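Student: As a plain string of letters, each chain reads:
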Amino acid sequence: MKPPYQETVEAVLAELGSDPQRGLTTHEAEARLRWFGPNTLVSAPPTPAWRRFAAQFQNPLVALMLVATLLSAGIWLIERASELPLEAITILAILLLNAALGFIQEARAEQAVAALKRMTAPTATVMRDGRRHRVLASEVVPGDILLIEEGDAIAADGRVIEAIGLQVSEAALTGESLPITKHTAPLDEVASLGDRRNMVFAGTVVTYGRGRAVVTATGMHTEVGQIADLLQRAEETATPLQAEITRVSRALGAIVIALAVLIIATILLTHSEITVQTIAEALVIGVSLAVAAVPEGLAAILTIVLALGMQRMAQRNVIVRRLAAVETLGSATVICTDKTGTLTRNEMTVRCLVTTNGQVTFTGSGYAPHGQVLGPDERPLGMVRCAPRSRWPFRRQFWPKTASFRIAPAAGQSRATPPKARCASQRPNSACRRRRTHRASASCPSRPSASECPRCTPTRITPIACWSSSRARPTCCSPCAALNSAATQSAHYLSRAANRFWP
Amino acid sequence: MDALAGQALRTLGVAYRTMPRQLDLTAEEIERDLIFLGIFGLLDPPRPEAKAAVTRAAQAGIRVVMITGDHPRTAAAIAAELGIADPGAHVVTGAALHNMDEQALARVVQTTTVYARVSPEQKLRLVQALKQHGHVVAMTGDGVNDAPALKQADIGIAMGITGTDVAKEAADMILTDDNFASIVAAVEEGRGIFSNIRKFLRYLLSSNIGEVLTMFLGLLLAGVLIGAPAVPLLAVHILWINLVTDSGPALALGIDPPAAHLMRRPPRPRGQGVIDRPMWAGLLVTGFTMAVGTLLMFDYALPGGLLTGSGDLVYARTLAFTTLVLFQLFNVFNARSDHERIGVDLFRNRWLWGAVLISLALQIAVVHLPVLQRAFQTASLSAGDWAICILVASSVVWIREGMKVLTRRFTAVR
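Just so you know, the sequences run in chain order A and B. Residue numbering for the first sequence follows our numbering, beginning at 1 and increasing consecutively. Residue numbering for the second sequence follows our numbering, beginning at 1 and increasing consecutively.
FYI, nobody ran anything at the bench for these hints, they're computed from the structure. A quick note: this is a predicted structure, and the numbers were derived from the prediction, not measured. Heads up, some of the hints might be wrong.
What the hints assert, rightly or not - Label pairs and their in silico Cβ distance ranges:
#: 1; chain 1: A; residue 1: A172; chain 2: B; residue 2: L360; range: 50 to 60 angstroms
#: 2; chain 1: A; residue 1: A172; chain 2: B; residue 2: F347; range: 47 to 57 angstroms
#: 3; chain 1: B; residue 1: L220; chain 2: A; residue 2: A254; range: 29 to 39 angstroms
#: 4; chain 1: B; residue 1: P303; chain 2: A; residue 2: I274; range: 25 to 35 angstroms
#: 5; chain 1: B; residue 1: T18; chain 2: A; residue 2: G17; range: 54 to 64 angstroms
#: 6; chain 1: B; residue 1: E28; chain 2: A; residue 2: A172; range: 46 to 56 angstroms
#: 7; chain 1: A; residue 1: L268; chain 2: B; residue 2: K151; range: 55 to 65 angstroms
Quick reminder that beta carbons are idealized off the backbone N, C-alpha and C, glycines included.
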């Protein structure tokens, strides 16, 4: 069997049992996911719980404490002062309690961080059941039709079946720094990884263009999976703060150990006779001093507080990927920000309109169909309300064939609108259509007389062409849709102005 | 038309024509003999919350710089509307940046807040120039080409909605709503977390210093106090304080709600450690107060020494132990700041009060429950003893408050 890059697109698809247009069925994808396993790189197996519990005792201080426990047990053995080695038992109990609490808290903090990480888990767009689906990268299976475009990280290895200017940076895999242009034709000979120009690989990045690929390998079977052992897993390094706190605790510890040695020596020197018991007692005192000096709970509390902080930031729509960023944020002096979409809404909105009749200003923001029409003297002329046919009436076509808009009189002006407003909002379509008919036949019993609300009559507009500084294309790109929306929003006013001039 | 462009509006002309019912027309055939109707002026409006966020950033000593690929006039208009730049402020374009050498760029980045027609590669240069000036730079980005700049920035921020995988991978933070206001909110949270870490450090370290001084001075002054070498506290007592009664309040300090003044202060200088001089001073004073108070209580219970009592060693240790725990429970409220008065937001953090009450209950249990009495070698205290312990322990509040008043005076005079 030849490798996929030597096969034709059709042969690869046939072998993987996939349809280039429809992709796999959801059912089939689930079955394959069970069979092939998740599309993830298996690194080291998770640390078992008992080892994480044991790690709580790995702290040198806790070790010191265990020594103290042994000492006090030793004293009990010598003295037999009480029935039970109470002090040793108590120290042990406190240590166990603390380890258990630390274990639980750390596990919860880890869970919280993991949950946040899941929120930013990589996703992939695949065809399933003939539709585009955004799925977790870990759920991609062999045979999936992967849709890739500029900026995507590729989720799995795949044979390219469609490439439109597709360029991929494979630096992470091959070290090649320049992007590689991909095509669909089969290769004749055995090719090295960097020369397989009809394949895309997991872990690489689309720098330009778009395309489709049928997934040939997932998880550890991908090219990057083969070298996964060589890859250094990015360890979360200690943040400057954590490092400083460790430093402070160590310094405290060092000072105190010196003190303890001093004290033990003094006690031993002042005692006339040195017995095992006095040595043990002196040692216990020394250890107590060390215990006193070092903030045992600090590290655990720090971890928990940072994790809780990340959670709180997530509630405020910010997901932190690197813990150190939390600290750096507080000392930020400059924020460099994009404009479009970050400071602004990325929704083109009509602000004003100039006709031969004069200029009017529109208020309101974004796509929300609310706003006022202000005349040249800032006096409200009316309200803009639109009763579109659907939520996004302008997405599908360049111009809507018809769109019904009306300008209701502003508050304070004559001719009340409420009945009409209700009618429009409840059943925009039929209501508007009906009224259009009414306008044709001037007297209709179901409708209030025309004079009651002449300004509410909807107007049918069929715009013909538009031009702008950037020539609008008849596709559905969002800026164009936005322009259309905005333009149509107030086209009514324009048409009325026009009607007045060109009857 | 020029008037509209002058207001940084995009323009869109509209014309109409009555059409025959014929659909197979080419664009050229349709677009003629049109009757011109008028021109729209269009604008991508600022987010309503952005202006307030820019103001908050300015109050917090953070400069907001707008870097956009958009037209300079549009950029200037939006910047002026949001308060990022004064109306008529100079906008630096990408073309101008291209012609600048490093020195010129270094001068420009000091003052310029609006950049227009900038390419992603130039963003990287801007970040580097700002960092050279000692700035801590947060930078947003969404495209593939933004990744180097995001990596270079101290805090790379990727857009959650419009951002590409590559940008997210390179970033330190992701905005799930792509909203500028969230960045400022994150800065506030970041400052809050840092300030909270300082709070529990203040709390825990003063506890440790208090304990060490108690033990050390206790041994040193053993002759004066009781006439024989006897430690005022047992290892179990110290462990109990460090691991049990201290942890709840320390955690509660860690989740203190951010104080309002955090965003009215300039950013913390880069490289400044978490424990500064005023904090060390406070730690030492608090620790010393605690040690002296604890030892006095120890002495008070025992015959001989400065204060003469009539109790035995177990009773004296219980008094000392309880006093130290109570010292810490009072110290929680000191630990919230090196400068602010204790009354500020005293009741805002309910967890804190809950944790203090739980620790108090635990201490009462250790002193009065027979099982724990045997384990911790304690003896029951009378109501009077408790009252004295509380009185002595509260001294830490008065002393620290006095110190804060003096510091405030001193800094005010200077």
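Student: Hint by hint, say whether it matches the structure.
Tutor: So, going through the hints one by one against the coordinates:
Range check, A172(A) to L360(B): about 56 angstroms between beta-carbon atoms, so the 50 to 60 angstroms window is met. The hinted window of 47 to 57 angstroms between A172(A) and F347(B) holds, with their beta carbons roughly 53 angstroms apart. Checked against the given bound of 29 to 39 angstroms, the beta carbons of L220(B) and A254(A), roughly 20 angstroms apart, lie outside it. A hinted range of 25 to 35 angstroms holds for the C-beta pair P303(B) and I274(A), which are about 29 angstroms apart.
Between T18(B) and G17(A) the CB atoms are about 56 angstroms apart, so this pair conforms to the stated range of 54 to 64 angstroms. Between E28(B) and A172(A) the C-beta distance comes to about 49 angstroms, which sits within the given range of 46 to 56 angstroms. The hinted range of 55 to 65 angstroms is satisfied by L268(A) and K151(B), whose Cβ atoms lie roughly 58 angstroms apart.
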